[in-house]
Amino acid sequence: MLSKLHTGVFARTGRAMLMAGAALALTMTGANAETLRWARVADALTLDPHSQNEGPTSTLLHHIYETLVGRATDGTLQPRLATEWMISAEDPTVWVFKLREGVKFHDGADFTAEDVVFSLDRARADSSGFKALHSAVESVSMVDDYTVHVKMAGPSPLYVQNLTNTFIMDKGWAEANDVVLPQNFAAGEENFAVRNTNGTGPYTLVSRDPEVRTVMAAFGGHWDATPAVTEIIYTPIAEAATRVAALLSGEVDVVQDVPVQDIARLQQTDGIKIATGPENRNIFFSYDMTSDKLISANVDDNPFKKPEVREALSLVIDRDAIQQVVMRGQSQPSAAPLPPFVNGWTAEMNAYGKPDYERAAALVAEAGYPDGFSVDLHCPNDRYLNDEAICQAMVGMLGRAKINANLVSQSRSLHFPLIEKWETDFYLLGWGVPTFDSAYIFNFLVHTREGSFGSFNGSRYSNPELDAKIEALATMTDLEARDAMIAEIWDKVMEDRVFLNVHNQMLAYAMKDNINLDVHPENQPKMTTVTFGN
Amino acid sequence: MNRLARMWDSDIAWSFRHSPVAIVATVVALIIIMGAVLAPWVAPFNPFDSASLNLMDGFTPPGVPNQFTGNTYLMGTDNQGRDIFSTILYGARISLFVGFAAVVFSMVLGIGLGLLAGWRGGWVDSLLMRIADVQLSFPSILIALLIFGVARGFIPPTMREEVAIWVLIVSIGLSDWVQYARVVRGAAMVEKSKEYVQAARVIGVHPTRIVLRHILPNVMGPVLVIATIGLALAIIAEATLSFLGVGVPPTQPSLGTLIRIGQQYLFSGEWWIILFPSIALLLLALSVNLLGDWLRDALNPRLR
Amino acid sequence: MTDALLSVRNLRVEFPTRRGILTAIDDVSFDIMPGEVLGVVGESGAGKSLTGAAIIGLLEPPGRIAGGEILLKGQRIDDLDAESMRRIRGKRIGMVFQDPLTSLNPLYTVAQQLIETIRTHADLSEAEARARAIALLDRVGIPAAARRIDDYPHHFSGGMRQRVVIALALCAEPELVIADEPTTALDVSVQSQIIDLIKEICAERGAAVMLITHDMGVIAETADRVAVLYAGRLAEIGPVREVITAAEHPYTAGLMGSIPTLTQDNARLVQIPGAMPRLNAIPQGCAFNPRCERAFDRCFRDRPDPIDRGDGRKVACWLYDAAGVAAKEKADV
Amino acid sequence: MLAYIIRRILQSVLVMLVVALVSFALFRFVGDPINSMVGQEATIADREALREQLGLNDPFLTQFATFIGRAVQGDFGISYRLQQPVMELILSRLPATLELALVSGLLAFVFGVGFGVYTALRRNGWLSNTIMTVSLIGVSLPTFLIGVLLIWVFAVELQWLPSFGRGDTVQIGNWTTGLLTPSGRASLVLPAITLGLYQMTLIMRLVRAEMLEVLRTDYIKFARARGLSNRAVHFGHALKNTMVPVITITGLQLGSIIAFAIITETVFQWPGVGALFINSVRFVDVPVMAAYLMLIALVFVIINLIVDLLYYVVDPRLRVDRAATRH
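Protein chains in written order, with numbering that gives the first Met the number 0: chain A, 0 to 533; chain B, 0 to 303; chain C, 0 to 332; chain D, 0 to 326.
Errors might be hidden in some of the hints.
[Stated by the list, open to error] Far from chain D by the CB rule (all over 12 Å, computed), these chain B residues: (1) Trp-40; (2) Arg-208; (3) Phe-242; (4) Asp-292.
[As the list claims (entries may be wrong)] Example chain D residues on the side facing chain B (calculated, C-beta under 7 Å, incomplete): (5) Leu-135; (6) Leu-140; (7) Phe-143; (8) Val-147; (9) Ala-258.
Since the hints were derived computationally from the structure, they do not count as laboratory data.
The beta-carbon is built from N, C-alpha and C at its ideal position, and this holds for glycine as well.
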């Protein structure tokens, strides 16, 4: 199709030529080795690097823009535009970044510290989707062309973990095109950066038709080795069945969001293979354990306030059955309300027992509900893997302990506001942890709702003692003491049963069997890592 | 001749006896309807009782023992371990209820407004027919989506699930009243100008009585035809809305919801989850449609 | 009778229904001579229109010709294939229907309908056909024909439309025109004009007319001969003057009695008691026997065949069977 | 005639306003856009600020007035989701939907009329009965299922046709068309069948019923009595008269084709306004939803007007009636 263009691109480096050639030889029947047709459920919402902190958007932008530090498939940090980072020896509130030299933007401009200062400031702007990740930053300053200092409000030992999706733009380009700030909706004007890019990333944007097709070609001037994939055609396909059909019919090469039920069948299909791996996201139920009365219950008090009922809930959930049937084996059942990637996770927290319905029913009766009680269970139906089916299964299990749950499953746009506005008694939520640290969970889910804390704390849980500890975590520089405090907090949270965890999500990518691509824990696969051959 | 014999001898009955298609369609429709109505007694399980389900029974192929529990199901089970056969019966119950109720709703509304327009004439007629025009050309599924949206806003969250099915009925029914109104309006206008009606009006017979005695019986034929086809359409519309995420809760699936769920397993090898409900829906809608076709021809004396 | 234009021989038309076969026309025979006007009368349902439809080959299914034959100039036309029959329709037998309001296609101009028909039957160019159409419209009495030819049917009044229909029926110069109640749907004021027009224009072209009507007055004024149908059977046929002045069949006599004439008291209409039997309940013997004041035992037993009464008259009534009359007279004594 | 058109246009404007008001009223209940617009780290205060900024806290009528005020200038704002001007977004998606709707409408019309005429003329033939029964399958299964089944058979198993998307497109001015490339045409086949099947069944039944009525009319009998050929009678006289009501219904159906395209576009990942709308509903992208509904209303109004004019062309009787009555 676009072979002329390719020849031009991969002829630039001998290595690409070699790899592409080898791949071609290996895949006589497969796709064009240099072009990768990649499909997933949704498109990037925008190409503006700081407007939306959202999965598909960041995933696509990682191919065009780059961050200071990147996240490898094992969850560790790796150098990208920053080659070194450290807390300043003189001032524990200052982060020092040493930048990569010789990096060029797609338009040929040189990458310097000036661009980093500009980009971090842009990411902190009011209209930025990344503002919250940089809320502890006081100022960003350039020391020399390749050194940047970030001054924090207090010691922030884990700040670097927040940077894995904060992309670096070219200051000159942004100023020339009047995109100094991210999209402002109220202004009613479209930002140039929404559809135009100038990054340092491994691919340049060739064409883009939102929600139809985005074409990217390898950037010849990239500082890293030219990837095996020299052209990417990215197509969102919203319907699960159509997405799988497109792979089966050979119209796409890689499908990122594979429905769990299709994994086993695809594995047995000739010419197709599946890569699976854990995602850095856990799925759990939570409930209003604080109010005196529930909104939807048929009893006058709040059953979830009673430890017996919360214990009963932990006894009815059959995580193994959910894993085997609902998730088709594609999940990691766990009682710990955090994924294993996250600092603070322990094997003990993960452990769970077999369900005991008799004991659960007895506990419910003991709590003062001999006939059980009924309550609405809110569930999204378009957000997590098989979210609605998990809730449905849960309804059945709850029923065995005489808890009559009415399932209300609806679109995410209706579900999440219920949690934000405290209009739900009992709900399903999934939580990804981009910083790979427990503090991120505590801040949003455990801390009392006030200021920037507790926005997703739908349990109304409020423990001033814990709040103080959570706030202290942010500035602790002694990582050992900090880890101990995290463990303390988790002990209390587990004891109070704030969360009823179901499992950690697993990711599955399906691809032609001559393609190798590993699952990325944040579901942000990088096509630079693709290799061809079996 | 007694009543029964007279019915047996009527033209409709004769035409029915001589139409194999109509007979087969009636038998099929009756089997499904009876199965649905009697589901609590006929179905081996109650799939709407979530507490009775064993998740480990999920995805059991038809007639093959489950690998964990060893249970065997005639048509297999779905992703929640529900017996497909029972779920079809219970689901058809929901689908038929929604279908019938939507048809009754639109029929009552349509006949009422049609009579009003035809009888009163003037600006009432113009207004109603203008609304009908707008409604007719505004796509029915959009109307249903919008009504569902409105209802979601007005109804307190805790009651949404209970009223969801009624909202669904109104949504589907509301987009269908125009056809009835048109037919009835036409008939009302024709009858109104006839001498006996004029005479009855002169001697002071109440209009309601005239309408009920003379106009309604005249339009029952075409109304019945529209209602039959409308029933099939309503059942399909319910399924379509379910695909768009609007409809009955998944814990109490209709046939359409069942198909929407089963559709996810088309490529994964669990063909029975979609196949059996689809066949049931196809048979139901097809037989009702065929009956409507036959009825249309049988009631049209000029085509006999 | 070889010089007859149209010969209907023992025509039998049946409708299979779920209650058995209905015989709508039973053993009807008559001839039409070239240029002659034959009136066909009878009550509704007597089979008048069906006879016309059977002749022109447009019986609606499931109706079918079950017996007898129809000859046009000695050639059988009832068993022709569809295409050959189509060539006869319009070309050799024209037809005028009852309701001019519905006989014309509302979506085509008069010109389009005329030209189409003319060109179907004659190898003419569009312009020639148009010229002929205008002449024809002019002839049937449409004022300003050349201008109005491009109007649509709804621009014309009922009477004018029937003139257009006549023009259409005559545009291929048929030898026979079947006019099926051509004035029933019209205002009384234009009825006689239309009848006159049909008569005149057919006479001009030497076309015979089969005038179907239930109006004896029209027959009296227009027809040369008249055929009376009753319950699908021929009751009486003969020259119109004789039949009117001296009806022989009791049914005809009754019909004649029901025309108000100047010689009778206008106020008193003679009604035949009872109604024509339904096709599925025709009595044994003579179909008229339940209503006939003069019926006798044989009328209830045997069906009368038309009896030749001389002067081209025939009557199907046992009263005129020589043996029967004798028997009755004997009984009367 | 002119007065009539002006009157109709005024009525249409009223209809559009009502549609706008109703649809706008509904958006408050679809959900909250804020959650989708900000990352999960955003504080409640941040969310509230954005809500305020977007005017979502304003009284309903204020929001509506602002919306209408901008809409009449062709400004529907910026999509919350894709951050592009809504007008531009919709215009860029419209060709895909219109091509799909027109092709499937055409398919439905051609096959619907063809089968309808055939089944009317051969009323009791076995082929007629087969067509009548089989076509009912088109209205006896939900569209989405038919679409998925077609994908399964023709894309996955046979691999004859593409399963998703629009194939290669060609840009002509502001219009992107898939009709000029082989892959574009191939991509159109399955969605067009899926979308057209239902309409085809409706049109076919309508044509059959109307045709049967027309075939019984006096003017058809009279046409036969004049010796016109079957061809002229069936296809000249009968069909033309049949088409009058068929055109109305088909025209009105075009509106519902565009609406039903929502489902077809979702199943086939067809990049049209229907898929855009559904994605917008999930995201509560109010500006796009409002503009889409206005567009549907506009399309309906235009179609209605065209249908009326077509009527006028086809049926000469109306030319007089319309002029005569007070319209």
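Status of the hints after comparison with the structure:
No beta-carbon of chain D is positioned within 12 Å of the beta-carbon of Trp-40/B; the least distance is around 28 Å. Non-interface status of Arg-208/B relative to chain D is upheld: no Cβ of that chain comes within 12 Å, the nearest being about 33 Å off. A beta-carbon of chain D is positioned within 12 Å of the beta-carbon of Phe-242/B; the least distance is around 4 Å. Not every CB of chain D is more than 12 Å from the CB of Asp-292/B (nearest about 7 Å), against its label as outside the interface.
A hinted interface residue such as Leu-135/D counts as satisfied when its beta carbon comes closer than 7 Å to some beta carbon of chain B; here the least separation is about 5 Å, so the hint holds. Hint status for Leu-140/D relative to chain B: holds, with the closest Cβ pair at about 6 Å, below 7 Å. The interface hint given for Phe-143/D is met, as the beta carbon of that residue sits about 4 Å from the closest beta carbon of chain B, less than 7 Å. Taken as an interface hint, Val-147/D checks out: its beta carbon lies about 6 Å from the nearest beta carbon of chain B, inside 7 Å.
This hint holds: Ala-258/D has a C-beta 3 Å from the nearest C-beta of chain B, less than the 7 Å allowed.
Checked against the numbered hints given earlier, this structure breaks hints 3 and 4; the rest are met.
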